[in-house]
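This is what each chain is made of:
2 protein chains.
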Amino acid sequence: MCAPQAEYELCRRHTASHVMSMAVKMLHPEVTMGVGPWTETGFYQDYDLGEVKLSDKDFKKIEKKMRWIVNKDFAVVRRTVPAAEAREKFGHDPYKMELIADLVAKDAELTFYDFVNEAGEAVYSDLCAGPHLERTGEVGTFKLMKIAGAYWRGDADREMLTRLYGVAFATKEDLGAYLTLLEEAAKRDHRKLGKELDLFCFSEIVGSGLPLFTPKGTFLREKIAGTIKEIQERYGFTAVHIPHITKKDLYETSGHWQKYQDDLFHVKGKGQTEFVMKPMNCPHHTQIYASRPRSYRDLPLRLAETTMCYRDEQPGELLGLSRVRGFTQDDGHTFCRMDQVKAEVTIVVNIIREFYTKLGMFGEGQYRVSLSVRDSENLQKYLGLDANWDRAEQMLQEVAEEQGLNYERIEGEAAFYGPKLDFLFRDAIGREWQLATAQLDFVMPERFGLAYINEQGEKEQPVMIHRAIAGSLERFMSVIIEHFAGAFPLWLSPVQAHICPVVDRHVEAAYDLRDALKTVGGRAEVIDPSDTLGKRLRNAQTQKVPLTLIVGDSEVADGTVTVRKYGEKQDETVTQATLVEMIAGAK
Amino acid sequence: MCAPQAEYELCRRHTASHVMSMAVKMLHPEVTMGVGPWTETGFYQDYDLGEVKLSDKDFKKIEKKMRWIVNKDFAVVRRTVPAAEAREKFGHDPYKMELIADLVAKDAELTFYDFVNEAGEAVYSDLCAGPHLERTGEVGTFKLMKIAGAYWRGDADREMLTRLYGVAFATKEDLGAYLTLLEEAAKRDHRKLGKELDLFCFSEIVGSGLPLFTPKGTFLREKIAGTIKEIQERYGFTAVHIPHITKKDLYETSGHWQKYQDDLFHVKGKGQTEFVMKPMNCPHHTQIYASRPRSYRDLPLRLAETTMCYRDEQPGELLGLSRVRGFTQDDGHTFCRMDQVKAEVTIVVNIIREFYTKLGMFGEGQYRVSLSVRDSENLQKYLGLDANWDRAEQMLQEVAEEQGLNYERIEGEAAFYGPKLDFLFRDAIGREWQLATAQLDFVMPERFGLAYINEQGEKEQPVMIHRAIAGSLERFMSVIIEHFAGAFPLWLSPVQAHICPVVDRHVEAAYDLRDALKTVGGRAEVIDPSDTLGKRLRNAQTQKVPLTLIVGDSEVADGTVTVRKYGEKQDETVTQATLVEMIAGAK
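Chains as they are written, first to last, in this note's numbering: chain Z, 1 to 587; chain G, 1 to 587.
Keep in mind that the hints are not guaranteed to be accurate.
The list treats identical chains as interchangeable, and a pair is accepted whether it falls inside one copy or across any two copies.
With a straight-line Cα cutoff of 25 Å, these simulated DSS-like cross-link-like pairs (lysine-lysine) come out [said to hold, decoys possible]:
#1 143 with 535
#2 195 with 459
#3 146 with 57
#4 195 with 247
#5 544 with 565
#6 53 with 65
Just so you know, these hints were derived from the structure itself, not from any lab.
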């Protein structure tokens, strides 16, 4: 059952999924069923429809039945069943039988969730691990969203099933707000804007999940990475550079091989050596640390790198820049003494604050921090010395307090190798994204045998701090493209200004203006008068260029320029010097 | 036989190898033999020594016998032999028998090279494809250099043989000059300096041929790449960014798959898709070109990227940064109309000139250019329109003339897809390195179906120009580390200055000076007085730091600093303002 509020919404979606299946079965009893979980924003269920045809035109009919089931307010009852009973109940359904066989093979408990009427009869049952609401009446408002194909067990060699997607909310208002958000999100969809603003592209012969960045998108990437670089170098981080492949030995030592080898890209040449493409950078960075003897005087050692990592995501999971096969981490690792942890985490917090303040995303209500610490009831789950954990958790909390962060301490959310601070940011339409992080690690230095010589000439083990400011650059770009809806602030915009000479005789002055802006690092393009001024002004709005600069007779005569800011109706005429100053200041 | 002078030296080395083998056989007749070719700088021969023990202590003895053979001035006579004769002659030698079997299987001609005395008797014969000198007397001066193990046929599963290395020259003076060069090169060896100056490292668990760049080495990388970026952006190149893997489909289209698939790193995830790590960037860049319709107004399109490529080099071929498995190309591709080729190649030449002039490597006698054109007797070897070839070769020659390049036209050296300009640079000890290039390509735009709409609204095919300024950054670094012997010019040096406060009371002033230098982008480190001043001054020389800055009582009192330049004995006292200006100017 779903007691805590956080899990309640998840139960709502999960029970809604069963309600949908009961409705489908009421309409089409012959349908058999694959899996049907809740998701981050809703729920889905896979069906083998056999001869039945379903399309979005049938949604109303199914929703009507669903409403009937919700209104009946059936009790949702969990019960453990013997394998024989499960097999008898689902003998007609090969998918359920396969799931039952798997559970039996794993010696797992088999549970049914029954919808039970007032008379105590089960009107609908499904094999399910839960959790669920207590009654169908609690499901609230729901809506079917989409119908699509999906392979049984995600395996392209197995049966193609039909997946129905839906959402469920407590009230109509919540559903309405969600649908408005979807609409707003669709307008800002970074895949759509990426194409319209010519920021990145995909190629079928290169492959899905492998974006190619055009000049404008590359500018954006480099501006983000460069801004972080400038800030973090002031705080003492220095850049390093590592290869993108490694022998698997590196991950055998780090322990990742044993856990994640199936999610890696494996690389083979002519020889026998097994290489992999790196899915993270920390093990490589330990090798730079370990490349020479270190003394306490070398610490803290702050290494940073903007570099690509690779994970073998399923094609079905790939989504624009949000979920890719090759992503760029703005990664950093601090190697320090235990008594330097507080100062080093403070440095990371300061870098994060500077960067997100520059983006206008660090205001009140725009971010929150979770401080993930150990589960005090399960201390045996965590590796590393107890005293170090206590001290580190204490230090992270002190940093959060002293830096006035909007933070919450979350028990049991720490990784097994150390506590962390996660930074979550709210975008312009209210969605929350976990982007920056500072993660302590007591385990990796141990695994790689990292050491330094302390003041007493003894060997000691350093602590590692993993940190990311933007996280994956690709995912970060998807977030800010949608946050700004493509209308980037002046300092970040790949093209800051379109210069529009009114007619041919103003073209030379337009190029002079472009060159004047260039001398202060400005990025302006002259849009020549082969199109009408009106068309060019509209195009600048479509391209979401921050400034459109009109150069005509009076501007040429007066050394001025007429400025139309993106999204504003009112033009303003300023001197060229004022404009140059404005552009020069947008760093 | 070896007529042209260029091949004569190669014949000298090859015949010297036979002379060595005859000498070894005279001393140890039971020895059997693997292969024995000439190399870029000398020759070697592999032997199965059986019970015989050889070490470098035996070199004198072997050289003495070799001298006897050279002095005897045997004629070197080539003759074709039937397989039966070859088998009879080498029946005792399993390696030769294996080679004979291979040649017979390939239906190849079997040839012996005999050393023939005045009486016309063959005193020594070897199975060999040649070419050779006409007489052993022409071998000149020689020297055995090294003894090492080598697998038969480079296969770690086959027999381990013993490899003897040697060199041969016309005169003692030439040999002497070569040995001096070797000695000088050893002192400058970038692998040795890379370690001493902490520029890069290797890790056994990451793998050979996969360098990791430490902060100083990364600075050097980024300074080189950044310098090129700054120059080329002024000439209109814009940065793009591509993923490091691709489906093999990309290379099937480009035609590389058919030719080079065995030399690629193959990548596999959970799915069936075959990926490869990119060995070059041009096919990816065509996909950015092809991502939207292009008009003649979009051309020239100049895309540049500093990005890693991967080739599966044999472990035995790997060498420091010179030969690696993952290398970084400062790559660029211009897509232009045929009538823009001359202007675009001129741009590339200007970028190359600016960059190498900055490095002090573009002076007279420091570089030469080869203009590679078609072999006029074999025009059918080349793809693309005749008229385009003629025009392009003409344009390249005009660029070379108008830009006053020190160039030579080389017939038959063009690739099958277009003519090119290669830039070769001479380093401080006289070795020549091919680094920069501008290569025309008529074929790839065709293969990828690239097009633009011309003024008449018709589809036309663009020309591609591949260009590299530094080439592979890793190889380039190996070249300039050795060229400068690690003592980089001020603008390029990762650490420009060591600031040495004489005693504790000068430490604060030293940090103030460091901060003053930092404000103008200076890179200085304070070396605190825990060591004596003498030791710190010596360390700065070992670390090849351009400037050592001494801050003592008089310097603090006068606002001056005492400067010792790298490699100079004389100190100089200047005002801090002068020093800051000097550092500010070193960009």
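Here is what the structure says about each hint:
In the homo-oligomer, the alpha carbons of residue 143 and residue 535 never lie at most 25 Å apart, since the shortest distance is 41 Å inside one protomer and 78 Å across protomers. Taking the closest pair of Cα atoms, residue 195 and residue 459 come within 25 Å of each other only across two copies (23 Å); inside a single copy the shortest separation is 55 Å, beyond that limit. With identical chains, the CA atoms of residue 146 and residue 57 are at most 25 Å apart within one copy only, with a shortest distance of 11 Å there and 82 Å across copies. Taking the closest pair of Cα atoms, residue 195 and residue 247 come within 25 Å of each other only across two copies (22 Å); inside a single copy the shortest separation is 38 Å, beyond that limit.
For the identical chains of this complex, residue 544 and residue 565 are intra-copy neighbours only, at 10 Å inside a copy versus 53 Å across copies, given an alpha-carbon limit of 25 Å. Taking CA atoms no more than 25 Å apart as the test, residue 53 paired with residue 65 passes inside one copy only; the shortest distance there is 17 Å, against 92 Å between copies.
The structure fails hint 1 only (numbered hints given earlier).
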